[in-house]
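Asks: Spelled out from the first residue to the last, the chains are:
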Amino acid sequence: MGPQAQNPSSSAPEWEALHQVARQNIRARLRSLPAGTVEDLSREVLVTLFRLSRRERLVDPEALIHTLAHRVCVDHVRRQRGPTGRLDPVLDAESPLEAGGADSPSDIPADMLELFRFLVLERFRDLDFPCQELAKRFYVEQSWSTVAEQMGLRHPTVIKRWARCIQQVRRLVRTQQGRLWEWARSVSPR
Amino acid sequence: MNLTRSHEWTARRLLAYGAGILAESETLDVEQHLRSCTECRTRLAAIRPPAGSDPRHLPASLIATWPRSSRLLVGADRDLVVRHLHQCELCRASLEFVGYSEVLASPQHAAPSHWARLGRRWTAWAWAVGVIGAVAGAAAWLLVNPASSLRNRTGWSLLDPRGRAAAAAKVTIETAVDSLARSGLRLPEPGYRGHALDVGVVTSISGLVLVLPPALQPPTPEIGVRNMTITLLREEQEVGSHQGRFYALGDAIRLRPEDRLEAGLYELRFSLAPADSAGKPLEFVYRLRVR
Chain Z
1 MGPQAQNPSS SAPEWEALHQ VARQNIRARL RSLPAGTVED LSREVLVTLF
51 RLSRRERLVD PEALIHTLAH RVCVDHVRRQ RGPTGRLDPV LDAESPLEAG
101 GADSPSDIPA DMLELFRFLV LERFRDLDFP CQELAKRFYV EQSWSTVAEQ
151 MGLRHPTVIK RWARCIQQVR RLVRTQQGRL WEWARSVSPR
Chain F
1 MNLTRSHEWT ARRLLAYGAG ILAESETLDV EQHLRSCTEC RTRLAAIRPP
51 AGSDPRHLPA SLIATWPRSS RLLVGADRDL VVRHLHQCEL CRASLEFVGY
101 SEVLASPQHA APSHWARLGR RWTAWAWAVG VIGAVAGAAA WLLVNPASSL
151 RNRTGWSLLD PRGRAAAAAK VTIETAVDSL ARSGLRLPEP GYRGHALDVG
201 VVTSISGLVL VLPPALQPPT PEIGVRNMTI TLLREEQEVG SHQGRFYALG
251 DAIRLRPEDR LEAGLYELRF SLAPADSAGK PLEFVYRLRV R
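Chains as they are written, first to last, in my numbering: chain Z, 1 to 190; chain F, 1 to 291.
Keep in mind that a hint or two might mislead.
Just so you have them, the derived chain Z footprint on chain F, three or more residues with Cβ under 8 Å [to be verified]:
{"hint": "1", "region": "8-15"}
{"hint": "2", "region": "27-35"}
{"hint": "3", "region": "40-48"}
{"hint": "4", "region": "55-68"}
{"hint": "5", "region": "77-86"}
{"hint": "6", "region": "93-100"}
Simulated DEER-style distance windows between Cβ atoms [unchecked claim]:
{"hint": "7", "chain 1": "F", "residue 1": "244", "chain 2": "Z", "residue 2": "154", "range": "43 to 51 Å"}
{"hint": "8", "chain 1": "Z", "residue 1": "151", "chain 2": "F", "residue 2": "83", "range": "25 to 33 Å"}
{"hint": "9", "chain 1": "F", "residue 1": "198", "chain 2": "Z", "residue 2": "20", "range": "52 to 60 Å"}
{"hint": "10", "chain 1": "Z", "residue 1": "145", "chain 2": "F", "residue 2": "204", "range": "42 to 50 Å"}
It should be emphasised that the hints constitute simulated quantities derived from the structure, not laboratory data. No residue lacks a Cβ here, since even glycine has one placed at the ideal position from N, Cα and C.
Produce the complete structure using the sequences and hints provided.
Replies: Set out below in structure tokens:
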């Protein structure tokens, strides 16, 4: 990373320096991480920062890195615990984190939950726009009550509509091969 | 349900809830619990997309680890990512930003876990019934259709190195793709004697998804581990091939040309390796008309 970075605005951030800040932030939060994982996570922070920079001018990128690095570390701990692990509450950004289990940077590096959400949205983009709209709102809000309020619908109505939308995906969860679908099967209670 | 039990029950379902894949009744139960449980609401907040991210774009974790993560994508999921990249300037720029090209790494082939699980569960009698059924099915099919669909594989076969060297592959054959993919064509049972199947235009964007009939699904785990070779030919010239275990075919395959597939008649051959070296491969042939 670094030499390939493009300047997203006239006051382009110093990406190499920001990358270093991200590494330091991650090391400070998860001290026992191998160098490869620190690199993966710091790159993940930088990708989000880069996307933000495309949307608006970054006023204080270092402060943003602080917040993003904390979140990436929380996500990393969740991924390491695996699909059957319990979720932790998000603590404030200064709280130390405990890395869970053995750390192997080569084992499922992507966040399966985020990837799953992305692919559900892409499937609905093809098949059913109203379902995509429901999925988009739910994945952002994580609450069908809130989605129902936003859309001016009754709570059970929204859930019923979603149940129809997700029926086909639930079938795929039961039948498809591949790491993503194995993950989806693992998080689905028997 | 008391609160403690309900709490544990909900905690085990938060990830599935966040992915949106719980059944309707469970979704209602989780939401009911969330209304009264601050702890579960706080835990759920941990899987809300972070500020600055948009679930409609490729996850930052996928982009940051692209060479390893893109290998996990198979079948229709892989196509969806390719199509998204084709259309999304932001995701292409994000990949370029971290120094990766938008080309996906070769897919990682999953172990045949369902066969393995199935194999463990099968009792001896079930195995016997399965093998006898497979043999009877194959014999019946041979009686009905002795010539056109089952041939002794010699000469130009993919198993023959001469055939393999004859022409460079121009069409990639992907296996175990999503059989529910839109516009998938359901192949008839082998022995189909009608005209060539009209498959329309085949381009590199969507490729051609062919949903396999039951005869092209392994009837037993033993048969599933035998090699299956798929060859696509045009005017006796090989334009694409794939070799792998029978079980790895999955429910559907995809033919994806480098560019638009030239119009004309094609032959798609499935060749199942024999159980032992003395046997002969079992071959299934389809004729496809590409426009």
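Asks: Take the hints in turn and mark each one as holding or not.
Replies: Status of each hint after checking the structure:
Coverage of the region 8-15 of chain F by chain Z holds in this model, with 5 residues showing a Cβ closer than 8 Å to a Cβ of that chain against a need of three. Under a criterion of three residues with beta carbons nearer than 8 Å to beta carbons of chain Z, the stated coverage of the region 27-35 of chain F is upheld, 5 such residues being counted. For a cut-off of 8 Å, the count of residues in the region 40-48 of chain F with a CB near a CB of chain Z stands at 7, and the three-residue condition holds. Check result for the region 55-68 of chain F against chain Z: holds, 12 residues qualifying (beta carbon to beta carbon below 8 Å, three or more required).
Proximity of the region 77-86 of chain F to chain Z, defined as three or more residues with a beta carbon under 8 Å from a beta carbon of that chain, is established by the 5 residues found. Three residues within the 8 Å Cβ limit are the bar, and the region 93-100 of chain F against chain Z gives 6, so the coverage statement holds. Residue 244 (chain F) and residue 154 (chain Z) have their C-beta atoms about 50 Å apart, which keeps the hinted 43 to 51 Å range intact. Between residue 151 (chain Z) and residue 83 (chain F) the Cβ separation comes to about 28 Å, which falls inside the hinted range of 25 to 33 Å.
Range check, residue 198 (chain F) to residue 20 (chain Z): about 59 Å between beta-carbon atoms, so the 52 to 60 Å window is met. Evaluation of the 42 to 50 Å hint for residue 145 (chain Z) and residue 204 (chain F) yields a pass: the beta carbon distance comes to about 44 Å.
Of the numbered hints listed earlier, not one is contradicted by the structure.
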